Amino acid sequence: MIDSHCHLTARAFAEDLPAVLARARAAGVTHMVTIGTSPKDWDAAAALAAAHPDIACACGVHPHEAAGGGWDGLRPLRVVAIGEIGLDYHYDFAPRAAQRDAFAAQLQIAHARGLPIIIHEREAAEDVLAILRREGCPPGVWHCFSGDADLAAEVLALGLHLGFGGMVTFPKGTEGIRAAARECPADRLLIETDAPYLAPVPHRGRRNEPAFVADTARFLTELRGEPADGTAAARALFRLP
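Residue numbers (the working numbering): 7 to 247.
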């Protein structure tokens, strides 16, 4: 399995990262894509990837950090994707206009570098779709997909993948997500943890970690009635060995 989205440089892993990585490998996780969300942690994410052959890194300016700029620093970084980038209208930690500008600028960097994108979206799907259509949509993944089958169809029509994490396993309020997961083509489906956040059932309420991607894979396999580990799709999208 591949955990296509985790945050291994998060403070939550500062005390026991070697043990976390060992548990992931023991659970059958062959690669992890760790995400740098602002210029402050890009170097740490890149160093972690350089030290471990089974860790790759993606970097971007998260919408929460959009007011700080700095995305031109992405141009020379050795990464497998630009992200996570997008819009977050739930918290509005950065002004919405700044978020939109940052998203558009980073899409252009992804185009220029020929890299896929990792999209973060919360309560902003209409604007995310509009910007992708205006700027041109590179290959990529709509991470932590939490929409319904109708939104999934629009995202897939742009050529993007859907990333499913712990939320799909939650027992309440996830009917739309599950419908999207059932209908997503196998070659466009990724699995992820978003660790240390959003641990899947039966670990809900605990710190999430890459080993738990196995629980999401098992749930999706049962939901879809076919193997659903997302490995081939993630390997192709991020050009992993």
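It should be emphasised that the hints constitute simulated quantities derived from the structure, not laboratory data.
Among these hints, one or two may not hold up.
In silico DMTMM-like cross-links for lysine to aspartate or glutamate, where the CA-CA straight-line distance does not exceed 25 Å [to be verified]:
no., residue 1, residue 2
1, K46, D78
2, K46, D60
3, K46, D98
4, K46, E132
5, K178, E232
6, K178, E189
7, K178, E141
8, K178, D107
From a predicted model like this one, the values you see are computed outputs, not experimental measurements.
Starting from the hint list further up, note which numbers the structure goes against and sort them upward.
4, 7, 8
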